[in-house]
Amino acid sequence: MSPVTATVLWTVALLIAWLWRPRQAATPSGWILLGAFAALGAGALWFGLYAPEGEPAGLGFWKPTILYWTLAAIMIVVPWLGGGYPAKIILGTYFALSNRQWRWINRGLAAVCVIFGGVNLWVAHQSSLKDWEGFKYSLMIFLLVIVLFRLNFVWLPILADVCIYFYRRASAAYRYLSSRL
Amino acid sequence: MGKAMSAVERTPDHFARLIWADGRAEQVTLGATGRSGGAGEIFSVDGKPGFVAKIYHAATPAAHLARYRHKIQWMIEHRPELPQVPAEYRDIVQLAWPEALILRRSRFVGFLMQKIAFDRTFELDYLLNRRQAAEEGFDADYGKLVTVAFNLASLISCLHARGIAIVDLKPMNVKVYKAELYVSILDCDGFHIDTEEFRSEAPQVTPEYLAPEFHEKAVGHPESQDAFALAAIIFRLLNYGIHPFTGVASDPRNSPTELAGRIKHGLYPYGRIASKKVRKVPASVHEAFPEPLRELFDRAFASSGYSRPAAHEWVEALKAYASKQSGGISPCEKGHLRFSGRPCPTCMRDALIQGAEVRRRSFLARVQTAPARTLKYVQRTLRQTHSSPFQAALAQAQLIQLQLAPPAPISTRNAIALEILWIGGLLITWWWTR
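For the protein sequence lines, the chains are A and B, in the order given.
Sequential numbering of the first sequence, starting at 1305, is according to my numbering.
Sequential numbering of the second sequence, starting at 70, is according to my numbering.
Okay, chain A solo, but in the shape it has when bound:
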């Protein structure tokens, strides 16, 4: 994909997201996660698409660690400052749990992120390149799990809503055209 096409795509996507954004107030943890991902996304776009010399040589080994430790820092610091549980933003769409349960889930996720970030560095420096690649792809199973959860609990209901919306519009159009003929 050329940088121009990519720029058009992410600009249009962000524009739609801005125009259709919910007007309810977001929690501080939501804003902080959004800010962190905006910074990480800017880095990804710069090094992945626009930087004339591509990624810096040493960045490859640090990338997963930067991501996991950033998430871990947010999940540890934000609840401590009274900004809510970031884990609730990530998983809260699916399950209804008590605050105590969210606190422990948040701590668990933070610990997992700390460990993943550290293990990535250890594997990158102690194992072969092939093993490290395998390790990184095995970590992506968590992304797959999140995608599957999202697909089941959010995207399919949205798709159903969109289908119902278009079905109603088509029915209305049909009724209108039938009455005119």
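Simulated from the structure, these hints should not be mistaken for laboratory data.
All residues carry an ideal CB built from backbone N, CA and C; glycine is no exception.
Some clues are possibly wrong.
[What the hints assert, rightly or not] Chain B is faced by these chain A residues, among others (derived, beta-carbon under 8 angstroms): (1) 1321; (2) 1345; (3) 1348; (4) 1367; (5) 1370; (6) 1371; (7) 1429; (8) 1432.
[Stated by the list, open to error] Which stretches of chain B does chain A cover? Using the computed rule of at least three CB atoms under 8 angstroms from a CB of chain A, they are: (9) 316-322; (10) 482-488.
[To be verified] Example chain B residues on the side facing chain A (calculated, C-beta under 8 angstroms, incomplete): (11) 479; (12) 497; (13) 498; (14) 502; (15) 503.
Here the structure of chain A is known, so what remains is to put chain B in place on it, guided by the hints.
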């Protein structure tokens, strides 16, 4: 080619004259065997079944032939004393040493040497792979392997005592007598000789058996080179063919992958203080070697060339295990031979291989049955027909505790806007973790 050059079709080129050590001349007829190497071709000699002739290739430059003649002449006149063999093994050829010059039309073309009985021997290479050895009818055990190693070290020690070094010592150049366990070294005309009256270089080397100090430079100390190659061969003999510098690189970007590079950098992972840059091969049984041998291996591979054990040190160290009377080798509980007081290497190896095989089969079986087991679990959960109380309790707990969140009070457009951000977040996560 061998058939094409039968006795009937012999040309005058197949008639040659032998010049023995005492100056006696003899006319002989050569017959092609079809075997040839880098320097020459091997011929049978009519009327002399115990000998073969090595005739240098016709393209060999005259200057090289002159050097060969000088060297072969010296070798014929200075046959080294070899390790004593019992009287019943007198026909064993420990060295394919030149016995006579071969002239054709008064021009030096090669030399006569004792024939090594190929039906009674096999290459040492075969001993490095137990399956290959078994196919050759050789049941390898640690008693036999140590004896072969001892005989090889003894032979090299005798050569070194006469100022002769092999230099290009490698398993392919060594033959082993299957029943008698004595060894025979080929390509003697390529040896390095350094005596008061004669000196001859040996430029041929094999990087996988070349000592670290001689990589990318001439072999300055041939005996030290032989000591390195001998230690590597003994290590491989005792460790199921695993080369002492084979291993798994901890950091493949900064470690050489080929054996020659690892030798050069001294990346020996089997020492008592092992290299951190290369990890041992999991199937290695070096920990079952006795301490004196491990010390010698460490000196050979993990230290500088000055402290490398010479061939006679290997003879002394292996003597304790090569003799049945010494008790250095004894049977384990399963009847395998092992170094006395040490774990059985055969049992260790079997356990390592069987363990890996059991884990592999178990993993494959679990992978193959995973879809069916998952389907069954889901069906039982839905029908609440779990036979296992634990699984039933687990399914119940999941259904009770995991209550789905109520639908978000936002419009579809708002939900789509949030999902665009979510997908963006996933793409960003993917980029940072790939």
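We went through each hint and held it up to the structure:
{"no.": "1", "hint": "1321", "result": "holds (4 angstroms)"}
{"no.": "2", "hint": "1345", "result": "holds (4 angstroms)"}
{"no.": "3", "hint": "1348", "result": "holds (4 angstroms)"}
{"no.": "4", "hint": "1367", "result": "holds (5 angstroms)"}
{"no.": "5", "hint": "1370", "result": "holds (7 angstroms)"}
{"no.": "6", "hint": "1371", "result": "holds (4 angstroms)"}
{"no.": "7", "hint": "1429", "result": "holds (7 angstroms)"}
{"no.": "8", "hint": "1432", "result": "holds (5 angstroms)"}
{"no.": "9", "hint": "316-322", "result": "holds (count 6)"}
{"no.": "10", "hint": "482-488", "result": "holds (count 7)"}
{"no.": "11", "hint": "479", "result": "holds (5 angstroms)"}
{"no.": "12", "hint": "497", "result": "holds (4 angstroms)"}
{"no.": "13", "hint": "498", "result": "holds (6 angstroms)"}
{"no.": "14", "hint": "502", "result": "holds (5 angstroms)"}
{"no.": "15", "hint": "503", "result": "holds (7 angstroms)"}
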